[in-house]
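Q: Top line first, the protein sequences correspond to chains H and P. Its first residue numbered 2, the first sequence is counted upward by one per residue in the working numbering. Its first residue numbered 188, the second sequence is counted upward by one per residue in the working numbering.
No lab work stands behind these hints: they were computed from the structure. We put the CB at the ideal spot given by N, CA and C, even for glycine. Please note that a few of the clues may not be correct.
What the hints assert, rightly or not - Chain H is nowhere near these chain P residues, computed Cβ spacing over 10 angstroms in every case:
# : residue
1 : 222
2 : 240
3 : 251
4 : 271
To be verified - Footprint (simulated), chain P over chain H, 3 or more residues, beta carbon under 8 angstroms:
# : stretch
5 : 119 to 128
6 : 267 to 277
Unchecked claim - Label-pair distances were calculated between CB atoms; the ranges are:
#  : chain 1 : residue 1 : chain 2 : residue 2 : range
7  : P       : 246       : H       : 160       : 49 to 59 angstroms
8  : H       : 167       : P       : 260       : 49 to 59 angstroms
9  : H       : 241       : P       : 228       : 40 to 50 angstroms
10 : H       : 164       : P       : 246       : 37 to 47 angstroms
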Amino acid sequence: MSERRDWQCMRKESRARPTILLVDDDPDHLDMYRELLGQLPSKPRIQTARSGAQAMALLEAEPFRLMICDLRMPRMDGLQVLSIVRRTQPQLPTVALTSVLDEEFRSRAYALGVDLFWQKPASEKEIKMFLECLESLLGREVEGGFRGVQSKSLVDIIQLECLSQSSLLLRITNGKLTGKVWIQEGQVIDAETDGQGGERAFQQILSWQAGHFETLPAEPGRPRAITKPYNGLLLESAQALDERRTPPGAQGPEPSPAAEPAGLSEIEGMEFVLAVPRDETGPRLARGLEDPKRMGAWARLSLNGFRSLGERLRAGPLEQIEALGPQRHVALAGQGDLEFCVGWKPSLAVGQVRTLMKRVLALWAC
Amino acid sequence: MGLLRLFDRPAPVLLPLPSGSFTSDRHGMVLIDTLPSTFPRALLGDIAQQVLRVFREAAEAQLPLAELNIQYASLRITARELRGGALVFLAPQGLAPARWPIPGGPAGTENLRA
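Pulled out of the complex, with its shape left as it was, chain H reads as follows (with noise of 0.2 angstroms):
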């Protein structure tokens, strides 16, 4: 619990006062990056690892609003931590950084979706122009929106692509969940994420809030699985995501998100995670779930009705009841307050599912 609450004390204090994560191998280049870095008009404050590990260990341990890299490193280069980087935190904005300036390695780095390319700066005009790129990188406002197309949704991104007749597939990713979606000359003719395809699948990429997508190469040989055009498609998904929002007001004030504990997103297997008040107010967290109202309802009357049945057996306390189906499985369990509805691949066996559910609730109780 003070692990979660000194997390989020840092998260605000980095709000206020960014962190940067400077990243070099060389000890002298990090001492001259720190005096240069503290000219910035926000003050930032700066955090130095020597390795890519190092850097990994302190991307872990607390925020920071930017991670700036060197390249050329001994055992993990820098393009091997700025993939890992944009994998685990697609929201941290990056800067490589290198003494040689090499086109494949430019072209490799924003591949790579790396916010700025620099080659590590020489006279003084560089240097103001390097700090001016760094301080607009921090003052960026990092909440929401696809990474590779600043403060779009992932809408825009699929219109833009229709509407200029693409023929790619995108790959996006969300924390933990990937999903893929095909356009063939400006249609989207399929669509899948874990387990599910077609429409379905598109809807629920279409739910998730932030991320990160990269374009592939088209494949021309997928059959259609989607046939509605790709604007009525887009219609129809954006209205039904509008009615799963609860229109502001409507039922009282929206109840504050319950913070989610680190750590959470690196459990195998875990498709969606739904934690619903038992008294129906208060902080809840929905992730990865397409109507998490419908299936908190759900959650919250089976645990209440095994409950019950507990009690007339007197069987003792319900500890835990896991669902198996061929689409998904989902593990129930009240904890404190809250309910918990966690779902999960459907290859995983009913023991591996009681096992990682103990762990979710186990992150949760820190």
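Fit chain P to the given chain H structure using the hints.
A: Frame of chain H, contents of chain P only:
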């Protein structure tokens, strides 16, 4: 005298935890079971109704289910969806699970009595 009457009170009946299985139709009616005859039939009906209700409401929430495992501190209920009805196994925790090594497997069904 009042103190002595305390000992005259009937001792609370301890309900033994059920061990066995039963099948229920889609309406919650128990068709066959392997549970002791002392176990209240009404409670069997309650279990069946609750299990069927959860299966039904899960399907309505676009979550088709094939099996439910309900873990209490001292009892495990395993329910398998059976063409709208259910096959339910009750296993007290702490007892040897030799009779039902795999719920629904041959060892569990051969003991079923009409």
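Q: Does each hint hold? Answer for all of them.
A: Structure-based check of all given hints:
1. 222: 12 angstroms, holds
2. 240: 7 angstroms, violated
3. 251: 5 angstroms, violated
4. 271: 16 angstroms, holds
5. 119 to 128: violated (count 0)
6. 267 to 277: Not satisfied, violated; 0 residues make the cut.
7. 246(P) - 160(H): 49 to 59 angstroms: Violated: the Cβ-Cβ distance is about 35 angstroms, outside 49 to 59 angstroms.
8. 167(H) - 260(P): 49 to 59 angstroms: 57 angstroms, holds
9. 241(H) - 228(P): 40 to 50 angstroms: 46 angstroms, holds
10. 164(H) - 246(P): 37 to 47 angstroms: 39 angstroms, holds
The structure is inconsistent with the numbered hints 2, 3, 5, 6, 7, although it conforms to all the rest.
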